[in-house]
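Enquirer: Sequence:
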Amino acid sequence: MSRYWYVILFVMALLPRILNLDQFLTSDENTNIFFAGSAVIQAFLQGNLRETYWHFYPGVTMSWLDSFGLVGLWLWERGMGITQQSLFDFVDNDILHLLIACRVPYAILTAIFIPIVYNLLQRLLPHVIALTASMFIAFDPFFLAHSRVVHADAPVAVFMVLSTLAFFIYIRQDGQYMFIFSAVMGSLAALTKAPGHLMAILVIMIAVGDWLITCWHEGRLSWQLGKRRSWEIVIWGGIAFAMFVLLWPAMWVDPIGILRQMLDETFGKVDEGHLVFFMGNATLNPGMWFYPYVIAFRLTPLTSMGVLLSVGMIINIRPDKFLKSVRSSTIFMWLFVIILLVVGMSSPKKQDRYLLPLFPMLDILAGIGWIGCVYLLLGNQQKFAKMRAMWLPMIAFVSMQFIFAMPHHPYYLTYFNELMGGLPHAVETTLVGWGEGMELAAAYLNKKPHAESLYVASTPSQTFLPYFDGIGENFYTNDIAMRADYVIIYQAQRQRLAPSAEIIYQYQTQSYEKVIELQGVPYVWIYPNTRLIFSDVPTTATLINIGFADIMRLAGYQVQRDGDSMDVVLFWHALSSIEHDTDTCYEQKVENFMATVCPRRNYAISLRLLDVNKKQIAQHDGWAANGLLPISQWQVDDYIQDNHMLILPNDTHISEYTFEVVVYNAQSQEILGMASFR
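Just so you know, we're using our numbering here: the sequence shown kicks off at 37 and counts up by one.
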């Protein structure tokens with residue numbers, strides 16, 4: 037029966053990974069398809085092997101996986117007569133046309149991973165634990181979510197877990213095939229992304245740890261074993277490095293240059309934090325407790341409780357053969373978890389998926405914990421040995437894991453541990469949203485009349501625009517929203533207060549037209565928008581032409597009196613010189629090198645109301661466009677609407693008045709220019 041489990045496990049793992057693969061795009065997949073896949077294929081076809089370096093990850097396994105999907109789709113469509121394009125041109129097709137083909141290899145890889153893990157675990161643990169743990173991994177919502185997208189996180193988890201388990205099996209039982217398999221998987225992990233580069237360190241720690249434990253048991257230093265372990269480390273590293281070179285075409289032509297570039301860019305990026313949302317705050321440094329919290333939040337209650345129960349397999353010191361065999365494997369897996377957790381906690385760049393390799397190991401520990409608990413409850417090994425006694429609890433455990441995950445299909449990223457408050461609490465404490473739901477927002481706007489002419493501001497737009505019939509732009513600066521017919525605020529954007537807190541708060545005070553909910557929690561807010569940036573002065577405005585140092589000109593205005601206030605709308609025209617009007621330049625680290633940064637000057641606008649005797653009656657200062665658009669964000673030939681409300685003193689009666697406009701540097705208070713108009 038055991039051999040049939042390989043097929044059963046593969047099919048069980050594949051089905052939730054392969055269905056509805058076109059449902060949504062994550063924010064990184066545009067880059068990962070066209071840079072890791074298309075650009076690398078084109079470089080290879082041109083014989084430009086150096087350009088198969090595309091990222092410091094280095095993401096080589098992503099390029100291979102993408103290539104399998106893209107080339108497979110191209111061969112299929114050529115064979116069916118659907119396309120006559122060359123492969124070089126075909127890989128630049130629309131992302132939605134390529135998406136499923138690129139995702140399928142990742143789904144297959146992670147599905148194959150499940151029966152392989154089952155095979156390895158059988159060499160370390162009783163069959164029922166190996167089977168239960170494998171199914172826990174198959175239906176782990178967080179691992180499942182990343183198994184369905186074009187990204188490096190799931191592959192690096194696969195390769196790290198397989199490499200580590202295989203090397204531990206080799207240490208425990210010997211066998212050159214496990215040794216070679218571990219080295220190859222370790223190389224693939226390093227070819228994928230961090231923390232795959234840690235595999236060499238993990239192997240060294242396992243080998244040295246085994247030597248020290250053996251010496252402690254024998255009561256003496258075993259130099260012969262130490263010498264053997266040292267040679268094993270060297271040979272393992274040699275095999276891994278040979279595979280590293282063999283599978284990366286860029287290493288064939290410029291190995292020194294590639295390694296130098298990869299290390300320089302890696303250390304340049306590691307020093308930078310990653311903007312996350314943690315405990316109600318947007319921050320670049322969420323602190324050391326970030327990973328313990330978010331990892332626990334991403335586990336199912338079954339896994340989290342099982343992980344805690346696995347500790348009992350370590351501290352239970354009964355002289356029992358079963359417990360003794362399970363104890364050593366449990367300690368080994370806990371060491372893997374602790375080492376990766378410590379490394380992650382010490383890194384300034386943090387995000388929940390960066391430690392995805394922990395999740396399969398935690399699922400294995402959960403399997404050990406739950407089945408071990410059943411073993412202790414049964415009371416003796418004879419009862420446990422009867423497989424029939426274990427079918428019911430095993431089916432119950434796996435069914436629970438399945439029930440936790442499946443209601444979230446295909447949005448598995450919406451799953452958060454119910455014991456910690458689930459998704460409703462997650463949006464208050466940790467970053468939520470990687471693009472899921474944006475395709476539903478696009479579907480809603482596509483139903484609008486003349487949707488193809490709508491201009492929409494959204495972030496991340498690469499998750500929205502491929503599904504949208506109209507046009508739009510990434511909402512990375514405030515000015516983008518002021519050009520749009522509709523503005524989309526995404527959950528992760530709201531949490532990060534991007535592009536600025538002021539504009540997020542501005543829209544949150546307005547009424548939205550539509551909200552997209554997943555699992556009953558808002559993910560996307562769609563706002564109808566009033567443009568504040570135009571291609572010309574509106575026809576309803578009074579035209580004037582007053583220049584301010586060739587930087588900007590006042591092109592029109594509107595005035596409306598309402599009781600004790602006066603609403604004045606100015607229309608500014610950004611002139612070409614505005615791009616070159618920079619402040620003091622300074623040196624700043626950008627990526628991994630120093631760059632000269634010359635920031636654009638920011639000017640504030642002061643509007644004053646003067647009576648017939650030139651006496652000031654009221655004044656209002658601020659940025660343009662409701663205080664949301666610093667002049668440094670203006671683009672050449674923009675016409676910007678600038679609203680000012682002048683509060684008049686009580687019982688103010690004026691029939692003749694003059695407006696005075698002063699434009700001044702917001703930092704130095706230096707006046708750029710002033711002018712009057714009536």
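Careful, some of the hints might be misleading.
Pairs of lysine to aspartate or glutamate, EDC-like flavour, derived with a Cα cap of 16 Å [as the list claims (entries may be wrong)]:
id : residue 1 : residue 2
1  : Lys651    : Glu692
2  : Lys650    : Glu692
3  : Lys483    : Glu538
Source of the hints: derived by calculation from the structure; they are not laboratory data.
Enquirer: Against which earlier hints does the structure fall short, listed by number upward?
Expert: Checked against the structure, the only hint that fails is number 3, while the rest are satisfied.
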